[in-house]
Amino acid sequence: MKSENAINKNPKSKFDPITLEILWRRMVSIVDEADASVARTAFSSLLRDAHDYTCMFTDSRGQELVQGTFCTPGQAGAMALGVKKIISAIPLEEYYPGDVFIVNDPWLLAGHLNDVCVISPIFYKERPIAFTACVFHHSDIGGRVSSDNREVYEEGLFIPPLKLYDKGDPNEAVLDLIRWNVRTPKEVIGDIRSQVAANHVCSQKIIEMMEDESLDHLDDLAEEIINRTENSMRAAIRKIPDGIYGYEGIIEGAGERKDINIKLTVTVKESDVMVDFADTSSQVDWGVNVVYNFTYAYVFMAFKSAFDPDIPINEGSIRSIKMTAPEATVVNCKFPCPVAARMQVGHFMTEMVFKALAKATPDNIITDSGGTPAQTNILYGKRHDGKTWHTMIIRGGGLGASSRMDGHHCAIFPANGANTPVEILESDTPLLVEARELVCDSGGPGRMRGGLGRRMVLRVPDDEYAPLPPVTIAVQAGRFQYPPQGIFGGRSGAKARFLHNSQAADPSGLTFCQPGDVVEFYSAGGGGYGDPLEREPEAVARDVMLEYVSVKRAREDYGVVINSENFQVDLAQTKKLRASKTVKKGD
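Using this note's numbering, you'd call the opening residue of the sequence shown number 21 and step up by one each time.
Among the hints, erroneous ones may be present.
Claimed, not checked - Heads up, simulated EDC-like pairs for lysine to aspartate or glutamate below, C-alpha to C-alpha not over 20 Å straight-line:
id, residue 1, residue 2
1, K225, E41
2, K379, E268
3, K187, D232
4, K515, D537
5, K289, E250
6, K183, E250
7, K601, E576
8, K283, D299
9, K604, D537
10, K34, D232
11, K354, E174
Calculated directly from the structure, the hints in this document are not laboratory data.
All chains, please: the whole structure from these sequences, using the hints.
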């Protein structure tokens, strides 16, 4: 086997290592600057605060070169495949300075209509030398905002690749078409203009770099970075023992809908990986179907995040990972099936790859997470003055534990979004947040404990002098039936829950709330890793002191006896209790 240094050595390189590193870091900072511009210009809190968007740029052939440091893996991975197809479909000589394209085709890009992509060519010395693109999740794209739709036609406005700007002139017909198909046109158009601005920032900074470095084009630099990245990714994969690893899992249905069966086989041979989804459930008649690009994005994330997080993400990092999925299955669905809630299946791909590889590489994976899938809520209605409001929030759950550390609380994994602050939610909507708190005992017990889930309580105001019109809530989430599992003796975290006026509500359809109604969202806790009886008693005592674990569950799950007044461990009683639990477990 070649050493990593030998693999990465490139005697034909036109760039010395120092120059190459400087240029790479500069390009990353350029995309991050475009990313930061969104926080200053976006209208939607989903973008400004929850960061549900991704910026990137490609070489002249559409090969992904750099993506933002803080991005959403589903969008980023899907963009790497989709943007290349869009760019290659139009000859380079047919692009002009000032052109901007817009598209939200789920099968071409990131899997549902809400993810809108804006693409701009970067011109230098009168020819296109690269492209910059960004995908924003627009909380409102029209349609019926629910996961129980039967066709994509119900889910909102479908935009094929169109020119949003033609040689610098805005296409007002396209902008008007969007305005008349969404509930909050000011916010949606404002966010689209933010996308155009982000692309402009990236373009200008790339041109400045070209001038500073006296570069005529980016092709040689792109090829060097992509090839080195491919070599590094292959070196990481070589650390996985060759073999065929399988896993078959269930994703819960909703209401009377059947559970969904996911079957995958991971074949590792030297520096190549093949993931196959043969015998996975067929696509279904509600909106959890996943397009190929989105499935691939989270399969790729499993390998990238687990085996070498520091490798750059670009065209080179995806070349060694191939995937096959039968058409018309729930992980490679066909048009026009519904896809709005594709994360309810797609986000599970990362943990299922982890499970397939668990015995081969137990230290490189984490257990199931309560933030898988991302717990999202779309809320909309009208204010007292009749003005429409519409927002979306993302709620994290407990991160799964690993062999080395406990899971974080309220993590949005693998989607990598952020929790919306209470202050922002209350300023963007007329709703009141009555509680937002960690849920004691929700993390899965283990030698390493799963992260805690979270409870959030919302109230619809009922001012008797100016009652608020009804509020509609759409829930796109999971873990209501099957909790996040532990591994290697670790136990499951708590399930998710959704309550409307203290009664269990349907998370798959629409919930209509009247003034005075209260809804409660409980996100799931992460699974534990390893036998809970092997957890250090002092760590259990600290958990009890911080109210992560109750005194009762410390005794029942961990075999640790703790004085509730001073949080001290009774070592003698703990030793005796653990011995009895070990004997009972052996029997």
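Right, here's what the structure says about each hint:
no., hint, result
1, K225 / E41, "17 Å, holds"
2, K379 / E268, "15 Å, holds"
3, K187 / D232, "26 Å, violated"
4, K515 / D537, "23 Å, violated"
5, K289 / E250, "16 Å, holds"
6, K183 / E250, "33 Å, violated"
7, K601 / E576, "9 Å, holds"
8, K283 / D299, "6 Å, holds"
9, K604 / D537, "47 Å, violated"
10, K34 / D232, "17 Å, holds"
11, K354 / E174, "16 Å, holds"
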